[in-house]
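If you read the sequences in order, they're chains C and H.
Plus 98 on top of the position in the first sequence (first one is 1) and you've got the numbering used here.
Plus 63 on top of the position in the second sequence (first one is 1) and you've got the numbering used here.
Rather than coming from a laboratory, the hints here were simulated on the basis of the structure.
A quick note: this is a predicted structure, and the numbers were derived from the prediction, not measured.
All C-beta atoms, glycine included, are put in the ideal place defined by N, C-alpha and C.
No false leads were slipped in.
Among chain H residues calculated to face chain C with C-beta under 8 Å, some are: (1) M106; (2) A122; (3) G147; (4) P199; (5) F207; (6) L208; (7) I219; (8) F231.
A few chain H residues that don't get close to chain C, going by computed Cβ distances all over 12 Å: (9) E90; (10) L91; (11) D131; (12) L160; (13) K167; (14) K168; (15) Q176; (16) S182; (17) A184; (18) R186; (19) A256; (20) G257; (21) V262.
Chain residues, written in single-letter form:
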Amino acid sequence: MDQKTLPSPRLAPLSTADAPELKAEFDAAKKRMGFIPNSVLIMARKPKMVKAFQQMSASIWDPEGKVPMAFKRLLAHVASRSAGCQYFVAHTGEGAIKLGVEQQKLDAVWDYQRSPLFTPAERAALDVAVGAGCVPNAVTDAMFLELRKHWTEEQIVEIVGLISLFGFLNRWNDTMATPLEDEPAHFGEAHLTKHGWTIGKHAR
Amino acid sequence: MDQKTLPSPRLAPLPPETSPDLNEQFELMKRNLGFIPNSLLIMQRRPKMAKAFAQMTAAVWDPESKVDRRLKRLIAHVSSRAAGCQYCMAHTAGGALLFGVEDKKLADVWNYQTSPLYSAAERATLDLAVAASCVPNAATDEMFLELRKHWTEEQIVEIVGVISLFGFLNRWNDTMATPLEDEPIAVGEKFLAGHGWTVGKHAR
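Build out the structure end to end from the sequences listed, making use of the hints.
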C-alpha cells in the first residue's frame, strides 16, 4: 500500500450531512451494500447527477432483469479488471460473493474459458466483457454470433448495458482515485491479492 | 467505407414505434439533435434502461450547469477520440457545432495545448479528458492540481461526469457497432476525416 504523506488533490468524499437532499439515495445504498460508496459521496456535489445515476444503476441492476444477478456481478468484475479499475474489481468481487457466487468460481474467473465451472453461455458473455473493457474496444462480430446462440436480444442489451455502466464507473473511480471503503478493501486483501490486485491509488 | 455484404450479427436499431412508452424521450432527442440516435433505438429492447439512460444524459447536459456546454461537448469529443469511438466522435463534433463552437476551434481541438483558441482552463480540462479515457486510466494528481486552479469542486464533478458518461457511451456504441446516422456522418466527413476519422464498423 502506498504511504500517503499529503492529502490527495483529487476530490474527497463529502459527509452525508453535506447533501441532506440525497437521504433517500444514501439509505438505499446502505441497505443494498451495507455502506454508502465513496463514489457517490464524491458525486454528491451535484445532487441531480447522483439521483439520475442511481436510477440508471437501478435500471441495470433491475431485479426483474433476464440475466442472473450474481452472474452480472462477475461480468462487472471482469470488465473492471479488463479496464484496470481496482476500486471496482474489489467492489464487484465482494458483491458477487454476497449474491451467492462461490469463492471457487470467483477464483476461477480468469480461467473462465477452460474452467468447468463456467457454461458456454457465461463464456460468450465474459468474452464480450473483456473485449469491451479494452481500449480500443476489441469486441467482434464473431463474439456476437456466439452470444446470440445463448442469449436473447433483450438479454444482450442487459449484458452490454451492464458492461457500459461500468464504462462510466471505471472512468469515474479511476479518475477520482476514489478511496476504497473498509469492506471491499478487506475483501480485496483477503481474496484478490493472489490474482495481482492491489489497492494502489485507492488507499485512503 | 467498408462494403457490407452481410447484415451485422450485432443488434439492429428498432423503429421508434416499438416502444410507445418512450415517446417522450424520443421527442426530446428529436428536438435536441434533429434525430433519434441509433444507440437509444438499440437500447429500447429494455425500455426501463432507455428511460433511465435518457435521464442520466439530461442530468449530465444540465442546462443549469456551471461549465459551458460548448466546452462539455469538446470534452466528450476528446474523450471519445482517446477511447477510439468513431461513433461518439462524430456525434460530439456535431453537438459542439450545434451549440456554437466555431469551425476553426473544432478543427484545432487536437492542438489544444498550443492553439491560441484554447484557454489555460480548457487545456487543463482536455488534458484530463484524454488521460481519463485511456486504459489504464492515466489521470494524475498533478492534473487535478492544475484543474483546481481554474474550477470549483462542483465544476470538477461536472467535468468528470461528462467524461464518465462517455465511458458508458464509448463502450456501448463500440460494442454494439451502432450504425452512424446521416447527420453525424456528414459532420464526420466534413470536419474529422482530415484527422484520420472513418465511419468504420459504424457504416450501415
